[in-house]
Structure formats: structure tokens, C-alpha cells
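*Asks:* From first to last, the protein sequence lines stand for chains A and B.
Residue 138 in the numbering used here sits at position 138 of the first sequence, and the numbers go up by one each step.
Take any residue in the second sequence, count from 1 to its spot, add 354: that is its number in the numbering used here.
Derived from the structure by calculation, the hints contain no laboratory data.
Some hints here could point you the wrong way.
[Said to hold, decoys possible] Simulated coverage check for chain B against chain A, where a stretch passes if three residues somewhere in it have a Cβ under 8 Å from a Cβ of chain A:
{"no.": "1", "segment": "565-579"}
{"no.": "2", "segment": "613-626"}
{"no.": "3", "segment": "651-663"}
[Claimed, not checked] In silico DSSO-like cross-links for lysine-lysine, where the CA-CA straight-line distance does not exceed 30 Å:
{"no.": "4", "chain 1": "B", "residue 1": "Lys706", "chain 2": "A", "residue 2": "Lys262"}
{"no.": "5", "chain 1": "A", "residue 1": "Lys262", "chain 2": "B", "residue 2": "Lys557"}
{"no.": "6", "chain 1": "B", "residue 1": "Lys557", "chain 2": "A", "residue 2": "Lys203"}
{"no.": "7", "chain 1": "B", "residue 1": "Lys588", "chain 2": "B", "residue 2": "Lys616"}
{"no.": "8", "chain 1": "A", "residue 1": "Lys45", "chain 2": "B", "residue 2": "Lys616"}
{"no.": "9", "chain 1": "B", "residue 1": "Lys482", "chain 2": "A", "residue 2": "Lys272"}
{"no.": "10", "chain 1": "B", "residue 1": "Lys616", "chain 2": "B", "residue 2": "Lys626"}
{"no.": "11", "chain 1": "A", "residue 1": "Lys158", "chain 2": "A", "residue 2": "Lys144"}
{"no.": "12", "chain 1": "B", "residue 1": "Lys616", "chain 2": "A", "residue 2": "Lys203"}
{"no.": "13", "chain 1": "B", "residue 1": "Lys498", "chain 2": "B", "residue 2": "Lys512"}
{"no.": "14", "chain 1": "A", "residue 1": "Lys203", "chain 2": "B", "residue 2": "Lys399"}
{"no.": "15", "chain 1": "A", "residue 1": "Lys262", "chain 2": "B", "residue 2": "Lys399"}
{"no.": "16", "chain 1": "A", "residue 1": "Lys338", "chain 2": "B", "residue 2": "Lys616"}
{"no.": "17", "chain 1": "A", "residue 1": "Lys234", "chain 2": "A", "residue 2": "Lys185"}
{"no.": "18", "chain 1": "A", "residue 1": "Lys22", "chain 2": "A", "residue 2": "Lys128"}
{"no.": "19", "chain 1": "B", "residue 1": "Lys512", "chain 2": "A", "residue 2": "Lys144"}
{"no.": "20", "chain 1": "A", "residue 1": "Lys203", "chain 2": "B", "residue 2": "Lys588"}
{"no.": "21", "chain 1": "B", "residue 1": "Lys706", "chain 2": "B", "residue 2": "Lys539"}
{"no.": "22", "chain 1": "A", "residue 1": "Lys203", "chain 2": "B", "residue 2": "Lys512"}
{"no.": "23", "chain 1": "B", "residue 1": "Lys557", "chain 2": "A", "residue 2": "Lys45"}
{"no.": "24", "chain 1": "A", "residue 1": "Lys203", "chain 2": "B", "residue 2": "Lys498"}
{"no.": "25", "chain 1": "A", "residue 1": "Lys234", "chain 2": "B", "residue 2": "Lys557"}
[Said to hold, decoys possible] Computed Cβ-Cβ distance ranges for the label pairs, DEER-style:
{"no.": "26", "chain 1": "A", "residue 1": "Pro330", "chain 2": "B", "residue 2": "Pro419", "range": "54 to 60 Å"}
{"no.": "27", "chain 1": "B", "residue 1": "Arg708", "chain 2": "A", "residue 2": "Gln51", "range": "45 to 51 Å"}
{"no.": "28", "chain 1": "B", "residue 1": "Pro684", "chain 2": "A", "residue 2": "Lys128", "range": "54 to 60 Å"}
{"no.": "29", "chain 1": "B", "residue 1": "His531", "chain 2": "A", "residue 2": "Val54", "range": "14 to 20 Å"}
{"no.": "30", "chain 1": "A", "residue 1": "Glu44", "chain 2": "B", "residue 2": "Lys557", "range": "51 to 57 Å"}
{"no.": "31", "chain 1": "B", "residue 1": "His458", "chain 2": "A", "residue 2": "Asp119", "range": "47 to 53 Å"}
{"no.": "32", "chain 1": "A", "residue 1": "Lys128", "chain 2": "B", "residue 2": "His620", "range": "36 to 42 Å"}
Just so you know, these numbers come straight off a predicted model, no measurement behind them.
Here a beta-carbon is modelled for each residue, glycine too, at the ideal position from N, C-alpha and C.
So you can see what is in the structure, the chains are spelled out below.
Protein chains: 2
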Amino acid sequence: MSTTKKGIGLIDTDIHERVSYKDLLPYLEQPWRRYITDCNWTQEKHMPYTQPAVAGVDRADARVPDGRPAGSDLGFMQEQLLDECGHEYGILTGALDPSPSSMHGWYEMATALASAYNDWQIENWLEKDPRLYGSVHIAAQDPKAAVREIERVGDHPKMVQILLPIDDILWGDPFYHPIYEAAEKHQLMIGMHHNEPPVHFGKWPRYFIEWHTLIPTAHMNQVTNMIFSGVFEKFNNLKLMMIEGGFTYAPFLMRKMDQQYKDLRHEVPWVKRMPSDIVREHLCFTTQPLEELRQWELMQMLEQMGSDEIIAFSTDYPHWDYDSPERALPPRLDEELKRNIFSENARRFYPKLR
Amino acid sequence: MSTTKKGIGLIDTDIHERVSYKDLLPYLEQPWRRYITDCNWTQEKHMPYTQPAVAGVDRADARVPDGRPAGSDLGFMQEQLLDECGHEYGILTGALDPSPSSMHGWYEMATALASAYNDWQIENWLEKDPRLYGSVHIAAQDPKAAVREIERVGDHPKMVQILLPIDDILWGDPFYHPIYEAAEKHQLMIGMHHNEPPVHFGKWPRYFIEWHTLIPTAHMNQVTNMIFSGVFEKFNNLKLMMIEGGFTYAPFLMRKMDQQYKDLRHEVPWVKRMPSDIVREHLCFTTQPLEELRQWELMQMLEQMGSDEIIAFSTDYPHWDYDSPERALPPRLDEELKRNIFSENARRFYPKLR
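My request is simple: use the sequences and hints to build the entire structure.
*Replies:* If you want it as C-alpha cells, here you go:
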């Protein structure tokens, strides 16, 4: 076990390696390749703002010295992140933007891109550094094709989860059941990451700061829908890693769902347990973006969540709001709690990390 | 000052008196009246569920003995609620369902209904019981007409707030500024009440329990949008009563907005203070629906909110999830805190209650 400066084998549950469409060319079959090479294909998006940080979505100092974008070079990531912080393991969550799952048309191209993405990730990252584990990218808008992709790469020993972005169908919907079935079959967890920002009646939030603040509401919507739809009764082994939404909304959500369950459970008789018990059994939250919490605030939140085993440290490298393992948490935490947050909770959550 | 069984003059910040379209007939001019009398006009709504409680949205025991619906008879409300609990004051928040503000067409009819509603409320409730104070109903989709209605009835000594339901335009939008200006001019507060349930990409939540759980996310959206849009810098005296969404999401939201403000305030340079300071100065939360909180949980939340002066007790009478002043809060609270929650916080918030 390698060790951080803290003496704990750090498991980082959210590292974004960056891929460009050009990187994927060697992994794409025709005709898909030629849409990029000959037609300069790209996904259009119409967002009224960008990340208002000096280097866009990234830390300015994470840009590769030769000018390539942050997160695109293994050697530089090893030096700046994995070696520097002493990572035992890191989970790659990708940065092809927009993701294949957000392509609302042309599902075939989305499916081909997801496959190329996975092959590129395995060859250039997972098989080149023993510390790095990966996420299966899919085009979830076509669940059958998504299941084929999971079958194809899901048993790779370093693939730990399926990345299922949030889109226009709520995750409790039977539409996604084939993906959950495939996840259980291949012992893969599901990673929930917001995709497009939360929208209000189909309209964009007015400012970036507004949608960035509200990302957790997108996670709340999905978890509530999944729990009351009985997804975790149907898929007993399904586990969700809640990525990049933080965890400080969890005490509220768990308490609120429990109260509503006490009041209204006769509407959803297939739900057999208190929602907060389902959360503690089936969910884990990556910590980033972590607010600057004082120790008493963190301890109060863990007390209210009834567990210190469902949050797992993440840096979100190389994004501008990166959390440092040296500074993100209050400094004088109990050693066992630190070990849980920095390492053991993720190890328990992902069976392939042992 | 009348006293509750607790020895505190109870101010109840959310009581729903019920009105039917027929009740409004004497207050409606032609041609509006004849749409109801001759055409049986009603608003259509297409909701896949109803409140799954034995008496629909209401407490079964609040039905008027002569068979009329709960909340429709002043005498019975006085007996069952005001006298029984020893209310000093109660704020009426209405129950014309759906509300005039949710009429997405025919704004003229909506405006006429709002006026009739206000006149009916004044004549039959506010002027018949000194304990009852009221809310100005408006058709907010037509802000000029809404302002005319506020001008017409807003100076009534017992009108304390404008009820502005959540609809498809976010509350930070300049669209609503004329209403905020009128609120300040007439020393009226703004009451925020969810209107239609939160929707995900235009679709209904799958279950009633799901949307009922997620109501606070609708409030989070609006508050975030208002604060970052600079509404409270432009309208220094504007105050929001957050009705029927509870307050247990506030610690999360305040902390989250503060962190985002620290990171990204250069995007919104018109926002001059920490969002949590704006919340503490401009917002108050009615307590219902209150989860069953243990005393340490409530105390932790107030500590995290940095104030025990921004929550105000409400029963939500006569709805099925009514909170009893005798039982909703942990029993052994400090006397001063009880006095704040049950009475003084609302008195500070609404200047007309003295």
C-alpha cells in the first residue's frame, strides 16, 4: 500500500482524464471516424456561460507544459497528482465533453464514441498505471447498445463502475433497468454525475454560479425517484457512487425522505425499508466539491447521516475547484475517520479495489 | 395577548382557508361570473395522482360538520384551530386550487379571480376575526395587472404579504420587479409557496411521495436565482416568507451558496454580501412540514443556520400533514427559543403584527 503524506493509502474517487475527439480516432471504426476527420463533427451546445475561472473548467497549473489541456497526459498527472499526493488508487471519470449520453440524436454515433472512449481509456490509462481504475462510458439513451458495451468491457479487471449521466429520463424509470441488471451481473457500481445543468421549466439557470450551486438538486431528484420507484428492492446489489455533487445535502434528503415515507408509504408498498437505510446501504458520496467545513459541522453532518462510511474522498482533478487531500477536510479529524474517508469507504464500495 | 397552552401567544404563519369558485361569485364582475355560472368553468389539471390521504389534501376531522370541505367555515376553524390552540394571530394563505397565478392562459380571468378572492377573504375572514391576517392573491403572469391589484388591496391593515406562487419564470427575473417594487411600497412581504410540483425536463415526478419530498428543491431554485440575480441589493426592504417547504434544507443551501460565492463571486459583482447573510436578513421559513426532529438535530440545524430568528411556526391547517403546536417541536426546548419560533420571529417579520 502506498501512503499519502497523511500515512493513509489515498483512494481518489473522481479524477477526470481528458480526451479529445481526435484522441479517439484510432479506436473508432468507419464511418464514425470520418465524421470527425472529414466533417469536423462535434456536438453543438448552447450554454449561455462557461466556467468563470481563469483556465475554464481546469486548474491553470494543470495544463500540460507542452500546451495540451489539463488531464490529457498520464506522465504529468502522475507527477502532479498521483505521486505528489501519494495516491494508492484513483478512479477515472472522464472528460469528453459533452458525453455520449447527452447526444439527443444520432445514437449510433454516441454508441461508437462510448466504445472508442473505453478502449482508449483502457489502453492509455488503466493498463499503464496500476493505480488507475476506470469507468465504463455508455450511450444510455439506447439501453440495449449500452448493455452490449457493458458486456464488452465490464469484466476488465480495472473497470469499477458504469458512468450513467443524468438526462431527461429519471433513473427510477424501467427504461434503465437493463443497465442496472448488467451492472449487477458484472459487479460494477453505477456512477451518478450531473450532465447538463438543472433546468427550470426547460430554461437555463441565469448564471453559472446558480447552476453550480444547484447541481445537488439534480442528484436529489434522481435518488428520490430511484428509492420510491423500488429500484433497490429489485436490484439488491446495485450501488450508486454520487459523483461531484458533494454530500452536504444528504442529511436533509435522508431525513426528508424518511418523514415522507412514514407519512405516505402506502403509495409505494414495494419500498420495504426506510429511505435513509437504503441510502446507507446502497449509496456513497464523493466528497468534492467540499465546502469549507469546520470540524463540528462535519461531525454534525455525519451524525445526522448516521454513518461515516458513505463518503469517499475525491479531488475532482484537474478541475478548478479541485479539493486537496491536504486541505479539504478539517485538520484534526480522528485517525479512523480519516482512514475511512480517504481510503476504506471507497475500498468497501468498489470490490475490485482490494 | 392570548396565550397557547404553552403560555406563548402563538402566531401561525400558514393557515389555508378554503374557497370555491362558487364562493367568489358575489365578488366577480361580469362577464367573469357567467363563465362559472353558465359554463361551469374550471381550470383543468392533469396530475397523475392526488394526495394519498383518506380525505385528500385535508385532515379528515377538519371537514365541516355540515359536509362542507375543510377550511371553508370560519366558525369551525375558530373552534378547531384558533381557540383550541390559543392562536394570537394566524396568516391565511388560501386554497383556491389551482391558484390564479397558475393559469397559463386567459390572464384576464385570472386577474378577475384574484380580485374576487381578495375581496372575499377580507369580507369573510379578515374583518370577522381580529386574529386573522391575510395574503394578497395576484395573477403574477400579468405583472401590471398584479401591481394594480396590490395597489387596490395592499394597504388593508390586515394584508401582510403578497402570495407569489412558483411558476415557469424564476423569481430573480426582471419580469417580477414591478411586484417587488409594489411590495416594498405597501410594506408587504412576499410569500413563496410552491404551486405546481417540481418537474424534470417537463415531466411529472412518478409518485406523489416523490414530488412531495422534492418541494424544497423548488424553493432552493428560486432563492438561489434571486440571490445571485441581486434582487435583494435592488430591493433592500424585500422580505420572503418561505411557506410550506420547511426549513431543514436551509443549512445545506446557505453553506453551499456561501462556498460558491467565495469561489465565483466575480461572475455576479452586484451581489455584495455572503448569501447566508442575505438569507438571515431577508428570509424567514415557516416550519411546516416539520420532520420529527430530535432536540439535538434541531439545535444543530439552528447552529448551522447561524440564527434562531428565521423560522416561524405554522400548522398548515387544515391539510393532512398539519403540524400541531403541541407536538411538532421537540418538547424540552428553551423558553426563549420557543417564544421565538412560536411567536416573536413572525412578529418581527410582519410589521403589521404588533
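*Asks:* Now tell me if each hint is right for this structure.
*Replies:* Results of checking the hints against the structure:
no. : hint                            : verdict
1   : 565-579                         : holds (count 9)
2   : 613-626                         : holds (count 10)
3   : 651-663                         : holds (count 4)
4   : B:Lys706 x A:Lys262             : 38 Å, violated
5   : A:Lys262 x B:Lys557             : 26 Å, holds
6   : B:Lys557 x A:Lys203             : 14 Å, holds
7   : B:Lys588 x B:Lys616             : 21 Å, holds
8   : A:Lys45 x B:Lys616              : 28 Å, holds
9   : B:Lys482 x A:Lys272             : 49 Å, violated
10  : B:Lys616 x B:Lys626             : 12 Å, holds
11  : A:Lys158 x A:Lys144             : 23 Å, holds
12  : B:Lys616 x A:Lys203             : 26 Å, holds
13  : B:Lys498 x B:Lys512             : 23 Å, holds
14  : A:Lys203 x B:Lys399             : 22 Å, holds
15  : A:Lys262 x B:Lys399             : 28 Å, holds
16  : A:Lys338 x B:Lys616             : 26 Å, holds
17  : A:Lys234 x A:Lys185             : 14 Å, holds
18  : A:Lys22 x A:Lys128              : 20 Å, holds
19  : B:Lys512 x A:Lys144             : 62 Å, violated
20  : A:Lys203 x B:Lys588             : 24 Å, holds
21  : B:Lys706 x B:Lys539             : 14 Å, holds
22  : A:Lys203 x B:Lys512             : 37 Å, violated
23  : B:Lys557 x A:Lys45              : 22 Å, holds
24  : A:Lys203 x B:Lys498             : 23 Å, holds
25  : A:Lys234 x B:Lys557             : 24 Å, holds
26  : A:Pro330 x B:Pro419: 54 to 60 Å : 59 Å, holds
27  : B:Arg708 x A:Gln51: 45 to 51 Å  : 49 Å, holds
28  : B:Pro684 x A:Lys128: 54 to 60 Å : 56 Å, holds
29  : B:His531 x A:Val54: 14 to 20 Å  : 33 Å, violated
30  : A:Glu44 x B:Lys557: 51 to 57 Å  : 24 Å, violated
31  : B:His458 x A:Asp119: 47 to 53 Å : 49 Å, holds
32  : A:Lys128 x B:His620: 36 to 42 Å : 38 Å, holds
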